[in-house]
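The listed protein sequences derive, respectively, from chains A and B.
Those letters in the first sequence? Residues 1 to 337, by the numbering used here.
Those letters in the second sequence? Residues 1 to 330, by the numbering used here.
One or more of the hints may lead you astray.
[As the list claims (entries may be wrong)] Distance condition first, Cα-Cα at most 30 Å in a straight line; then the derived DSBU-like pairs of lysine-lysine:
| no. | chain 1 | residue 1 | chain 2 | residue 2 |
| --- | --- | --- | --- | --- |
| 1 | A | 174 | A | 53 |
| 2 | B | 327 | A | 331 |
| 3 | B | 134 | A | 74 |
| 4 | A | 74 | B | 105 |
| 5 | A | 74 | B | 327 |
| 6 | B | 278 | A | 74 |
| 7 | B | 20 | A | 11 |
| 8 | A | 53 | B | 105 |
| 9 | B | 11 | B | 278 |
| 10 | A | 174 | A | 194 |
In case anyone wonders, no lab produced these hints; they're calculated from the structure.
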Amino acid sequence: MNWTGLKLQFKAIRHDKLCILTFLLPIIVGLAINLLGDMDFSSAAEPSFGIVKDDLSEETIAWLYENGTVAVYKDTEALRAAIIDPSTQTVGVMSDGTEIQVFRSGDEMQMYAVIADVLPQLYTQRNAATEYRQVLIPSESGNDFLKTLLVVITMVTAMFMGCTFNAMNILSEKEDGIVYINEILPMSRTQYIKQKIAIGFLGGILSTIITAFVCIRLSAIQILPTILLISLSAFIASLTGLLIARFAGGLMVGIAYIKIVMIMFLAPPIFFYLIIPSGSILYTISYVLPSSATFYGLMGILEGNADLGTEIAALIIHSILWLSLYVITTKHIYNQA
Amino acid sequence: MCGSFFALLKKDFRLMVSSKFFLLAIGSLILYTCYINFVYVKLDQEIFPVYLYDPEQTQDNVPDSLIPVSSLKELQNACEDGYSIGIDLSDGTAKIMMTSCGISKIDNLRHSYAVSKLSSGSAKEALIIGTNTKDMKSRREITAEFLFFELSAVGFLGLAAMLFKEKQMGVIRVHAILPVGKSAFTLSKLILILFADLFFSAILTLCNLGAAASMAVLPAVLLQAGILSLIMASFGFFCAITLPDFKQFSLLYLVLAVFITTPVFLAGQTGIVMDWIKFHPMYHLFTAMKNAYFQTPTTNVLYYAICLLSIVLLFLLARHGLNSEMKREG
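Extracted from the complex, chain B is given alone in its bound form (with noise of 0.2 Å):
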């Protein structure tokens, strides 16, 4: 039993490596940790910057954070964008010239940070409790993200493909005949995708948290990983399964991709309040990694139940699916 097993997971091993499953792997990796290490972590939203026209010089000391500008027209050119404040001192008293950015609230900050800028008074600074710098949270922001998405897609997509080739090469009809249970031609899947899953994770989490953090959020890191790659790799087998072909499968999965991870993304990376978001399953999946992340891992029993409860249930319904499909192939 253990032998063929093993000779099962053998086979599903080459079965990945030929069809590029490590190879595509390792292309996600390097595009991701590229784009966070060259690009993300460096997206910063700038103070509304402020224009000062003071043709007499009448202030004294301009604080730097002030951009001079000679003449009114070119004052009025720089407000244009809804964003920048001007100060137009031409006419002895003070004018705060801006182009509304559609929201008043805004509008009425920014004309007050205009005014602070042309007195002197010194302001007492906020107080700092937090233990991350902007660029840790960068970073540990988005490498969650990367690695839900990531991980929602592999395990669902590597797994498809692999069935789908089986099916061509009429591997499940002779299964159907072959002394291995039925468990276990599920089973070797699910845990080479877990494994992949699990490697890729902490590879990802080194590369762009670097070795001192990674080592602190990894234990609770790859515990979600796992839980993730099961569900959806057990999820993607039972899909596969059902589904006649790849390309109705690979429209599925462009619209699980875009239509249920995007609102997961925008609840959880804007903190825009949808009260329905509670009851999208992936949610839970997605706040329990970036917790994770940010060392603050979950530890609601009751997520942890539902999590095994569904993967159990999956793998139940993916092993029903297998054994009507034998019954249907004969």
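Chain A extracted, bound-state conformation (with noise of 0.2 Å):
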């Protein structure tokens, strides 16, 4: 390992505060997201029960209490406004005699439908439904769901900055034709790519590492596998750079890649994780992603888990994947010169 290089490297990015500013940033999220640590996001996954001021008894509007939020309206004009609007799944309910009229907009997930469709009948049977013998498994997650979501996102984007550092990284280089001197150079492309890779690698590493203390509380005996899972996540990123800078022909073309991979990283996981159930098919499908591995570990460790072992294999497959990929795709350019 040449370390003058590696020296040369760190000396350049300490002038360049945005982008230490851009390493830090997850780590000052993170902090924010802990602060706001008490704020009660469970609520985003309940159904939520509309109400007209004054129009149900205080017994059914408790009931609805035990089954979701409910929010009040202050008339039937704003409860429809509310049933209506795109971004929520609110329900509304009225009564009609003894029983109760719901109304929905036609619109819901599958889920909100069915419940909207069966409310009437599980009202009527509220008396009957707790006189079943029940079972509950307590289950080792928290209720703060939609917080730990956050903070994954937040770590995933940690890692990604490895990825945006390195692309551009060369990109400017090849903008300014150091490329072209870094060929006449005595220096092999391994060391290269171990320079190149070196600063977004560790970079990556760190802010992610720091994040994750600041949001987790790991247990002994999951800090190894969160390490593991982590550096090979920041090492795949930056390998992902180092593609993208090969590929693209200029700045503008690397942004836009770094675009479009940044949300075919991000947003496919999220949504395998919330839609598919684990354990079918396509959740073994989705593991083609690498942030997918990354994401299922990071939220299976703030779950509790210790055992990352599928998730591991999966980063190191893509590993060595993605590092024989980059080492094929630019064998050509080394051997014309």
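Dock chain to chain to rebuild the complex, using the hints, since each chain is given by itself in its own frame.
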């Protein structure tokens, strides 16, 4: 390993304030999320019932509160607007003699549509339901699901900083013509990759690990798998940065690639995690994206798991695949030179 | 004057073509359209599956929605995910079995829902009062989001990329001595970006909403797209002219994309109430865009007044930035 080269790289970024700021940013966001800690996010996952003031009996309202969140509107017009509002899944409930009448907008997810449809029946059977014996197995996960999600998104973004940094670093060298100088310097390809990956990689890891310690209370047994997971993911992210730099002609194209990769990295795992039950074939297929493994792993850690075998194995396979992809695609350039 | 302005437009257009601006726009268009049509509209949250273990066949007419299992072990495994519910009828009395999902209200609901499956009471269904189907709602929603994300990026980045290229080539220095107005230099870029954005918005809407629905929403959507495009492009111009190099600029963009647009999406998408979001300028732009797609255009005069004011202000700032840059370059 050529330490002088690495030292020079560090020297270059020391003056780049915005760059340092980018690596610090996830940590700051992590701190902010931690401060928000007491905020109750669970209400976002509960079904929400909209009612009109002075319409339902006390008992009915109490029953609705047991099953979800309740929002009170001043008249039917306001309730109607809330039901139709596309960003919420509010179900309207109004009295209908001894029963209730339910309104929905018709564009809900299947779950909310079914709940709205059976709600009158659940209401009439509310007393019978309590007579059934229930075996409730407590789950290990807490109920601050959305906070967990925010923490994981922040951490995945932190890892992604390495990708952006590397891509931008190489692309600007490309534009300045330093790449050509590098080619005649007595530096091997392996050395080049090592040096270029190092900073984005270390920056990504450091920023993510600090964010992790700020946001998560890790038990001793979890520390090693967590660090392994973060390191592997940061490695893949910085490798992606190299690949982007390899294929992009200029900075503008590079930024556009980064944008696309960022969407592909962040959005699908969240959707897969929320929508697809773990264990299904689609869930297994989703491991094709390296960020899915990272995402599931981090979610697992936050939920108290220490067993990250599958995720780490998937990430190791990804690292090997992406590294060989990079080596294969850059081979001919070096052969020419 | 008019002739030189057209020459400027032509030059900027060539610059956009050479920086593969249009190619990238088409690429994003295809990517978004594929994602919306093949993935997003198919996403759905299924109702809790209910498993039934009934070895003695005590239930006469089992509803189709109940999934039968053949052993207690299988039932327990099925209920482990914190979502499914199991009904155990093996020892005469019905037992509802489930793993807590962590939210007691949802657990209550799951319990009642499972019980309702055992009785034959016919439910009086909910009345549907909206006009959108789930499919159409998803399309409108995600198209609004992608357009918002894309427009806030394209104007900002596209302009910056052009400007940095010109900075490198020394065009700004040359401009200082040319008899072309400084506003014209900024305006020609803004106009090109605006037209590109409007064109992109129209195509994205047509591809994902279908012709009939698009015609109904397009006037309102194009208005919002124009506002967003002008604001982001002049802001991009200002940032690009003040920051020294594109690398710094791109990191600033990343910060902007992730930490400024994410809260807006969270608020718009999940309906989580965040009081401070009202002070987030992008939130209002996003809401206006979404409303346009859902055919309830924003009519608040104050909103349009503020938009107009910020466009003028940002434009003046951009011009001022350009002036000081020219002075610096001598």
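Taking the hints in turn, this is what the structure says about them:
For the hint linking residue 174 of chain A to residue 53 of chain A, the alpha-carbon distance of about 66 Å lies beyond 30 Å, and the restraint is violated. A distance of roughly 47 Å separates the Cα atoms of residue 327 of chain B and residue 331 of chain A; the hinted pair therefore is violated under the 30 Å criterion. In summary, the hint linking residue 134 of chain B to residue 74 of chain A is supported, as the alpha carbons are separated by about 27 Å, within the 30 Å threshold. Of the supplied pair hints, the one linking residue 74 of chain A and residue 105 of chain B holds, its CA atoms being roughly 25 Å apart against a limit of 30 Å.
Only pairs whose Cα atoms come within 30 Å are accepted, and residue 74 of chain A paired with residue 327 of chain B is rejected, the gap being roughly 60 Å. Taking the CA atoms of residue 278 of chain B and residue 74 of chain A, the gap is near 22 Å; set against the 30 Å cutoff, the hint holds. With a C-alpha separation of about 33 Å, the suggested pairing of residue 20 of chain B with residue 11 of chain A is violated against the 30 Å cut-off. Simply put, residue 53 of chain A and residue 105 of chain B have alpha-carbon atoms about 22 Å apart, close enough for the 30 Å limit, and the pair holds.
Taking the CA atoms of residue 11 of chain B and residue 278 of chain B, the gap is about 41 Å. The hint is violated against a cut of 30 Å. For the given pair, residue 174 of chain A sits about 17 Å from residue 194 of chain A by alpha-carbon distance, which is consistent with the 30 Å threshold.
Checked against the numbered hints given earlier, this structure breaks hints 1, 2, 5, 7 and 9; the rest are met.
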